Amino acid sequence: MKAYASRICCLDLDTFFVSVERVLDPTLVGKPVIVGGRPGERGVVTAASYEVRALGVRSGLSLTEAGRLAPHAVYLPGRHGTYGDYAQRVRDVVARFCPVISIASIDEMFLDFRGCERMLARPGDGDADATIERTVWSIVHSLDAELGLPASVGIGTSRSVAKIASTLAKPQGVLLVPHGQEAEFLAPLPVRRYPGIGPVAEQKLARVGIGTLGQLASAGRRMLRGVLGAWADPIRAGARGEAPADLGDDRPAFREHDPEGGIVGSISNERTFREDVGDADCITSMLCALSERVCWRARRRGVQARTVTLKLRYADFETLSRGRTITPTCTEQEVFPVVMDLYRRARTRPLRLRLLGVALSNLGLYAEQGRLFGEDTRLRGVVDTIRDKYGFDSLRRGTATGRAFRRDDPRTRA
DNA sequence: TCTGGGGTCCTAGGACCC
DNA sequence: TCTGGGGTCCTAGGACCC
Numbered sequence: 001m002k003a004y005a006s007r008i009c010c011l012d013l014d015t016f017f018v019s020v021e022r023v024l025d026p027t028l029v030g031k032p033v034i035v036g037g038r039p040g041e042r043g044v045v046t047a048a049s050y051e052v053r054a055l056g057v058r059s060g061l062s063l064t065e066a067g068r069l070a071p072h073a074v075y076l077p078g079r080h081g082t083y084g085d086y087a088q089r090v091r092d093v094v095a096r097f098c099p100v101i102s103i104a105s106i107d108e109m110f111l112d113f114r115g116c117e118r119m120l121a122r123p124g125d126g127d128a129d130a131t132i133e134r135t136v137w138s139i140v141h142s143l144d145a146e147l148g149l150p151a152s153v154g155i156g157t158s159r160s161v162a163k164i165a166s167t168l169a170k171p172q173g174v175l176l177v178p179h180g181q182e183a184e185f186l187a188p189l190p191v192r193r194y195p196g197i198g199p200v201a202e203q204k205l206a207r208v209g210i211g212t213l214g215q216l217a218s219a220g221r222r223m224l225r226g227v228l229g230a231w232a233d234p235i236r237a238g239a240r241g242e243a244p245a246d247l248g249d250d251r252p253a254f255r256e257h258d259p260e261g262g263i264v265g266s267i268s269n270e271r272t273f274r275e276d277v278g279d280a281d282c283i284t285s286m287l288c289a290l291s292e293r294v295c296w297r298a299r300r301r302g303v304q305a306r307t308v309t310l311k312l313r314y315a316d317f318e319t320l321s322r323g324r325t326i327t328p329t330c331t332e333q334e335v336f337p338v339v340m341d342l343y344r345r346a347r348t349r350p351l352r353l354r355l356l357g358v359a360l361s362n363l364g365l366y367a368e369q370g371r372l373f374g375e376d377t378r379l380r381g382v383v384d385t386i387r388d389k390y391g392f393d394s395l396r397r398g399t400a401t402g403r404a405f406r407r408d409d410p411r412t413r414a
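The letter at position 269 of the first sequence is residue 269 when you use the working numbering, and the numbering goes up by one with no holes.
Hints were generated in silico from the structure; no laboratory data involved.
Nothing here was measured: the structure is a model prediction, and the numbers come from that model.
There's no promise every hint is true.
No farther apart than 16 Å at their CA atoms in a straight line, the calculated lysine to aspartate or glutamate pairs in the EDC-like style are these [unchecked claim]:
1. Lys-170 x Asp-14
2. Lys-170 x Asp-144
3. Lys-31 x Glu-51
4. Lys-170 x Asp-85
5. Lys-389 x Asp-85
6. Lys-311 x Glu-270
All chains should be modelled from the sequences, with the hints used to inform the complete structure.
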């Protein structure tokens, strides 16, 4: 039996948040549903059912605009903990069919069937592609039958092709791009379909007369480098269906750690105020809460951060960030003062604020250190235990000011 | 009609060191 | 004293994804 020609599958859950809401409340089936908040609120659509997509509502659209386009839709605030639980159930189902899974996001994952030939093959299968397609349909049917969640799958020789195929397969379909036909498959598609080409790159390409992936594939190398920079070669190769140069395809299935032993990634929390804020106490309180939250998440992951970054957005949407590299930490006692200092340096305009954010990056493995012992640590251990069980918001710090971290302040005791 | 929140990755300039 | 280049780290910002 011949081996699979580097078969990668992209499994994407259709309108995932809406689908979960419909599982929990079947009366929503067939109705126009928008997840993200209520019209008029500050925020955007995070998921839109097909019924409202027909009206022009897309995820990312402001709720105000959504309210104008679809005033009679059912608006739901969203419950991300629940969506996360369902995402895990989906992964459990998929894992029964495919041992190598790479989680791309809450509603999307990549499956690699290489090495599973003997395990999957059935007498009726014509060839390897038929085996894989049949297996993928089994997954789709299982997700539907066991969880009530529709999914679509694209199959190809690279992540990019598989991903594009999965979007074309919707709703609840499977699309396989045969090996050798990638370029042909991609050629008529607009460049924007290619993962990594966003609005800016699309505009740049449009200016030099490139609108489709076929045009991009046959564009001159030098000219393309002038437009896209270092991106040009890998994207051009991808558009030609050349999998080895395809962006991101050499990524390991799970990238928890980098080669140096550090932890890849960052932890951030940010908040847009319901109304723009100028009050100093309110700002300090928010920075305190954000510091506390990111540190709690860092401790849960067992990591410490070497970089703390403050994000600030003024009422006129001007956005800036200020960061600092510090001795690795995962405690708000150390992070909050840095955040406050960064804030004082960043806040140069008297204009009210729209958003504040705190991010931890440059993460490393947690090492219990001497300075972490003491009453603060024990208290934090208790607080963390409760929060791990009931969620971060089960406990709130009883303060609205920056004095929260003074050791002698009784309100510090959560 | 203003534009969320969680991320990843890349770029580019300056500091600093050899 | 002047003149370098290369490498790495730090910082800020931006494109992009879901």
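These are the hints, each one checked on the structure:
no.	hint	verdict
1	Lys-170 x Asp-14	7 Å, holds
2	Lys-170 x Asp-144	14 Å, holds
3	Lys-31 x Glu-51	7 Å, holds
4	Lys-170 x Asp-85	23 Å, violated
5	Lys-389 x Asp-85	14 Å, holds
6	Lys-311 x Glu-270	8 Å, holds
The structure does not agree with numbered hint 4 stated previously, though it agrees with all others.
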